[in-house]
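Take a look at the letters that make up each chain.
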Amino acid sequence: MGDKPATKGRPATKARSGARRSRPASTPAGEAALQGSAQEPEFVQLLTPEGERVEHPDYSVDFTDEQLQGLYRDLVIVRRLDLESTALQRQGHLAIWASLEGQEAAQIGSGRALRKQDMAFPTYREHGVLWCRGVDPTAPHGLFRGNDHGDWDPAEHNANLYTLVIGAQTLHAVGYAMGINYDGKVGSDDGEASIVYFGDGASSQGDVHEACVFAGVYHAPVVFFCQNNQYAISEPVERQTRTPIYQRAAGYGFPGVRVDGNDVLACYAVARHALDAARHGQGPTLIEAYTYRMGAHTTTDDPTRYRTGSEVESWKQRDPITRMRTYLAKAGIGDDDFFASVDADADRITGRLREFVIGLPDPDPSRLFEHVYAEESPLQDAERAWFEQYQSSFVGEGAH
Amino acid sequence: MAKQQGPLTGTQTLTIGKALNLGLRRALEDDPKVLLMGEDVGRLGGVFRITDGLQKDFGEDRVLDSPLAEAGIVGTAIGLAMRGYRPVCEMQFDGFSYPAFDQVTNQLAKMHYRSRGRITLPVVIRIPFGGGIGSVEHHSESPETYYMHTAGLKVVTPSTAVDAYFMIQQAIRSNDPVIFLEPKARYYEKGEVDLDAPVTAAEPLHRSRVVRAGTDATVVGYGPTMRVLRDSADAAAEDGRSLELVDLRTLSPLDLDPVYESVKRTGRLVVVHEAPTNLGPAAEVAARVQSECFYSLEAPVQRVTGFDTPYPASKLEEHFLPDLDRVLDAVDRTFSY
Numbered sequence: 001m002g003d004k005p006a007t008k009g010r011p012a013t014k015a016r017s018g019a020r021r022s023r024p025a026s027t028p029a030g031e032a033a034l035q036g037s038a039q040e041p042e043f044v045q046l047l048t049p050e051g052e053r054v055e056h057p058d059y060s061v062d063f064t065d066e067q068l069q070g071l072y073r074d075l076v077i078v079r080r081l082d083l084e085s086t087a088l089q090r091q092g093h094l095a096i097w098a099s100l101e102g103q104e105a106a107q108i109g110s111g112r113a114l115r116k117q118d119m120a121f122p123t124y125r126e127h128g129v130l131w132c133r134g135v136d137p138t139a140p141h142g143l144f145r146g147n148d149h150g151d152w153d154p155a156e157h158n159a160n161l162y163t164l165v166i167g168a169q170t171l172h173a174v175g176y177a178m179g180i181n182y183d184g185k186v187g188s189d190d191g192e193a194s195i196v197y198f199g200d201g202a203s204s205q206g207d208v209h210e211a212c213v214f215a216g217v218y219h220a221p222v223v224f225f226c227q228n229n230q231y232a233i234s235e236p237v238e239r240q241t242r243t244p245i246y247q248r249a250a251g252y253g254f255p256g257v258r259v260d261g262n263d264v265l266a267c268y269a270v271a272r273h274a275l276d277a278a279r280h281g282q283g284p285t286l287i288e289a290y291t292y293r294m295g296a297h298t299t300t301d302d303p304t305r306y307r308t309g310s311e312v313e314s315w316k317q318r319d320p321i322t323r324m325r326t327y328l329a330k331a332g333i334g335d336d337d338f339f340a341s342v343d344a345d346a347d348r349i350t351g352r353l354r355e356f357v358i359g360l361p362d363p364d365p366s367r368l369f370e371h372v373y374a375e376e377s378p379l380q381d382a383e384r385a386w387f388e389q390y391q392s393s394f395v396g397e398g399a400h
Numbered sequence: 001m002a003k004q005q006g007p008l009t010g011t012q013t014l015t016i017g018k019a020l021n022l023g024l025r026r027a028l029e030d031d032p033k034v035l036l037m038g039e040d041v042g043r044l045g046g047v048f049r050i051t052d053g054l055q056k057d058f059g060e061d062r063v064l065d066s067p068l069a070e071a072g073i074v075g076t077a078i079g080l081a082m083r084g085y086r087p088v089c090e091m092q093f094d095g096f097s098y099p100a101f102d103q104v105t106n107q108l109a110k111m112h113y114r115s116r117g118r119i120t121l122p123v124v125i126r127i128p129f130g131g132g133i134g135s136v137e138h139h140s141e142s143p144e145t146y147y148m149h150t151a152g153l154k155v156v157t158p159s160t161a162v163d164a165y166f167m168i169q170q171a172i173r174s175n176d177p178v179i180f181l182e183p184k185a186r187y188y189e190k191g192e193v194d195l196d197a198p199v200t201a202a203e204p205l206h207r208s209r210v211v212r213a214g215t216d217a218t219v220v221g222y223g224p225t226m227r228v229l230r231d232s233a234d235a236a237a238e239d240g241r242s243l244e245l246v247d248l249r250t251l252s253p254l255d256l257d258p259v260y261e262s263v264k265r266t267g268r269l270v271v272v273h274e275a276p277t278n279l280g281p282a283a284e285v286a287a288r289v290q291s292e293c294f295y296s297l298e299a300p301v302q303r304v305t306g307f308d309t310p311y312p313a314s315k316l317e318e319h320f321l322p323d324l325d326r327v328l329d330a331v332d333r334t335f336s337y
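If you're matching them up, the sequences are chains A and B in order.
Under the UniProt record's numbering, residues 1 to 400 are what the first sequence spells out, in order.
Under the UniProt record's numbering, residues 1 to 337 are what the second sequence spells out, in order.
Possibly wrong hints are sitting among the right ones.
Below, computed lysine-lysine pairings styled on DSSO-like, alpha-carbon distance capped at 30 Å [what the hints assert, rightly or not]:
no.	chain 1	residue 1	chain 2	residue 2
1	A	185	A	116
2	B	56	A	185
3	A	316	A	330
4	B	33	B	110
5	B	110	B	190
6	B	56	A	116
7	B	56	B	33
8	A	185	B	33
9	A	185	B	110
10	B	56	B	190
11	A	116	B	110
Since the hints were derived computationally from the structure, they do not count as laboratory data.
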C-alpha cells in the first residue's frame with residue numbers, strides 16, 4: 001500500500017471539538033446500511049454489502065487498482081490461513097484457535113492504514129493485523145499450540161505480542177503513545193501513533209476506561225479500535241452497553257466514529273484518518289468497527305448454544321470478501337485469472353503454515369527457566385540446576 | 001519534610017524520606033528517560049512529600065500527576081517502558097496497589113518471560129507499606145507476599161536512610177520490574193548518607209546484610225521491623241543475651257546466605273515481619289533454613305508477625321504489630337528446647 005494519506009486532513013477545529021463524526025441516518029451510506037436490516041446502525045460505509053461503491057462526505061479512499069487488488073488479496077489470504085488454523089486445531093495440531101472469520105475487513109482495513117512507524121497492540125484475534133505488519137503468519141501458532149507465548153519480535157514489526165487478559169493492552173498502547181508525545185514525535189506526517197485492538201466485551205473492562213481517561217487527559221496519539229463483533233463468547237453486546245460503544249468517546253473528550261466493520265475501504269479510511277490526526281498532534285480517536293464473529297469464540301466454544309442460524313445467515317449476506325470481489329469484478333479491476341491467482345497464493349501460503357505447524361517440535365524443557373528476569377535470577381538458576389540434574393537421573397529412559 | 005536549601009552534597013544527616021527524595025532527584029538528573037508518575041506526586045510532592053520539589057525542577061513531563069487510577073498508572077508505565085522510558089510509579093498507599101494487581105502480576109511481571117527476553121520493562125513501583133501510623137483502613141497493608149510470590153518481579157525494601165538513597169537509584173537502574181516497598185512509619189528516621197558516593201559502590205541491591213553481630217540467636221527482619229529488632233537486641237544485651245540481626249533488604253530474590261551462615265553459628269532463628277503469618281516471608285525463610293541448617297538448629301524457627309486477620313482499626317494496631325516484647329518472647333522460646 002502507498003504511504004500517501006488516502007483521506008483528507010482533519011481540520012484542527014473539528015478535531016478538538018470532541019464531536020462524533022459519523023453521519024446522520026439520512027446519508028447515502030446510512031440508507032444503504034439500513035437496506036440490509038432494520039436493526040443495522042448508522043455507520044461510515046464506502047462499499048455496500050452488494051458491492052456498490054458509495055461516497056461519504058467525511059471519508060474517502062483513493063486507491064489504485066493495484067492497491068484494491070492488494071486489499072482483496074489480504075482478505076482472502078488471512079481468511080484461508082484462519083480456516084486452515086481451525087482445521088489444524090480440529091486435527092490435533094493446535095491446542096486452541098481464535099478465529100477471525102468475518103472480521104477480515106476490520107483488521108485489514110485498519111492494519112493497512114498503519115504507517116511503518118506506528119505501533120499496534122493487538123488482543124488475541126488480530127491475525128489479520130499481524131499479517132499487515134509483516135509478521136510471519138506462522139508466528140502466532142506457537143502460542144495456540146502451547147509451544148510459547150507468541151514468538152515474534154514486537155520491536156521489529158511494531159506489533160506487540162497478543163494479550164489475553166481482556167483490555168489490559170489498551171493501557172500499554174496509551175503509555176506507548178504518551179512516550180511518543182514525550183519524544184516529540186508528533187506534529188507532522190512523520191509523526192507516530194499507536195493503535196490498540198479490543199472488543200465489545202473489553203469495553204466493559206476498567207482498564208479500557210482508564211486507558212481512555214489517560215489518553216484524553218494526556219492527549220496521547222492513540223487510536224482505540226474496537227471490533228464490535230456482537231459477542232463476548234456467549235454474551236451479546238447488549239450485556240455490555242446500552243449505548244453505542246463509539247459514543248463513549250464524547251465522555252473522554254475525543255471523537256468517536258462507527259464504521260462498517262465488514263467494509264475494508266471504510267475501515268481503511270476511518271483508521272487512516274484517525275491515525276493521521278493522532279500523529280499530527282490532534283489526540284485520540286475511538287473507532288467502533290461494527291462487525292460479526294462468524295465462527296466460534298475459539299475452537300472450545302459452541303455458538304449454537306447462544307445464537308441462531310438465521311442471525312449468522314443474515315451476516316453472511318454482509319460478508320467482507322464477497323462484496324469486495326463483486327466490486328472488483330463489476331469495476332473490471334479483477335477478472336477470473338486474478339481471483340484464481342489470489343486463491344493459488346492463499347493455497348501456497350496456507351500449505352506452508354500447515355507444514356510449519358505440524359513440524360513444530362516441542363520446546364526444550366530448559367526454556368521453562370529462561371527470561372524470567374533480565375538480570376540476576378538466582379532462584380530460577382538454582383531450580384534449573386536441580387531440574388537438569390533430576391532429568392539426567394533418568395538415563396536410559398529416554399531422557400532429554 | 002524540610003525544603004531543600006541549595007544543592008546538598010557531602011555527608012548529611014537525612015531522614016529516610018529525604019534520602020528517597022534525593023535519590024529520586026539524582027536518578028532524574030542522571031537519566032533523562034526516568035519519569036515519576038503517580039497521584040499527587042507533582043505539585044503536592046506526594047502525600048508523604050517523597051517527591052517534594054521534583055516537578056518544579058524537572059517539569060510536568062518528567063514528574064506526572066496522574067489520574068486517580070492505579071491500573072492506569074502501572075499499565076501506561078508498561079507502555080512507556082516499551083517506548084524506552086524508565087517509569088517510577090508511586091502507589092499512594094499499600095492498599096491502593098491492589099487495583100493495579102493485574103497490570104503488575106499478569107502484565108508487568110510476565111512480559112520479559114513471554115516475549116522471550118525481547119521486551120524488558122524497567123519499571124519501579126514505589127509502595128509506602130506497613131502499619132504504625134494510626135491511619136484508617138487500607139493504609140497500613142503489608143502486601144509483600146503477593147509480589148514475592150510472582151516470578152518476574154523483584155521486591156526490595158530499605159530500612160535506613162543510606163539504603164533508601166542508594167536502593168531507589170539501583171532499583172531505577174535495574175532492567176527488571178522492581179516493587180520498592182518503603183516503610184512509611186520510618187520515613188522520619190534519620191541516618192548519615194554520603195550523597196556523593198557513586199551508586200555503583202553501594203551495597204548491591206539484592207544482598208541481605210548482617211547489621212549487628214551476635215552469638216546467641218539470629219533475628220531476621222526487613223523494612224519497618226528493623227527498628228524493633230535493634231531495640232530488642234539492646235534490651236536483650238542488658239539481659240546478657242547477644243542477638244545477631246540480619247536485614248533482608250531484598251525479598252525477591254531472597255539472599256539467605258548471610259542467614260544460613262548466622263544460624264549455623266547461633267543455632268537459633270526468629271523471623272519478624274508485619275505481614276500476616278500464613279504464607280508470609282518468614283514461612284519461606286523458615287523452610288529454607290530448616291533445609292540448609294537442619295543439623296545446626298537448636299530449636300524450631302520462630303515467627304513474630306502480624307496476625308491472620310485483616311489489618312485492624314488503628315486503636316488495635318499496637319497489638320497486631322510485632323514489638324520488642326513479642327520478639328524477646330520468641331527468642332526466649334528458642335532457648336526452651
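How the hints compare with the structure:
no.: 1; hint: 185/A <-> 116/A; in the structure: 14 Å, holds
no.: 2; hint: 56/B <-> 185/A; in the structure: 24 Å, holds
no.: 3; hint: 316/A <-> 330/A; in the structure: 20 Å, holds
no.: 4; hint: 33/B <-> 110/B; in the structure: 22 Å, holds
no.: 5; hint: 110/B <-> 190/B; in the structure: 37 Å, violated
no.: 6; hint: 56/B <-> 116/A; in the structure: 37 Å, violated
no.: 7; hint: 56/B <-> 33/B; in the structure: 17 Å, holds
no.: 8; hint: 185/A <-> 33/B; in the structure: 15 Å, holds
no.: 9; hint: 185/A <-> 110/B; in the structure: 29 Å, holds
no.: 10; hint: 56/B <-> 190/B; in the structure: 25 Å, holds
no.: 11; hint: 116/A <-> 110/B; in the structure: 27 Å, holds
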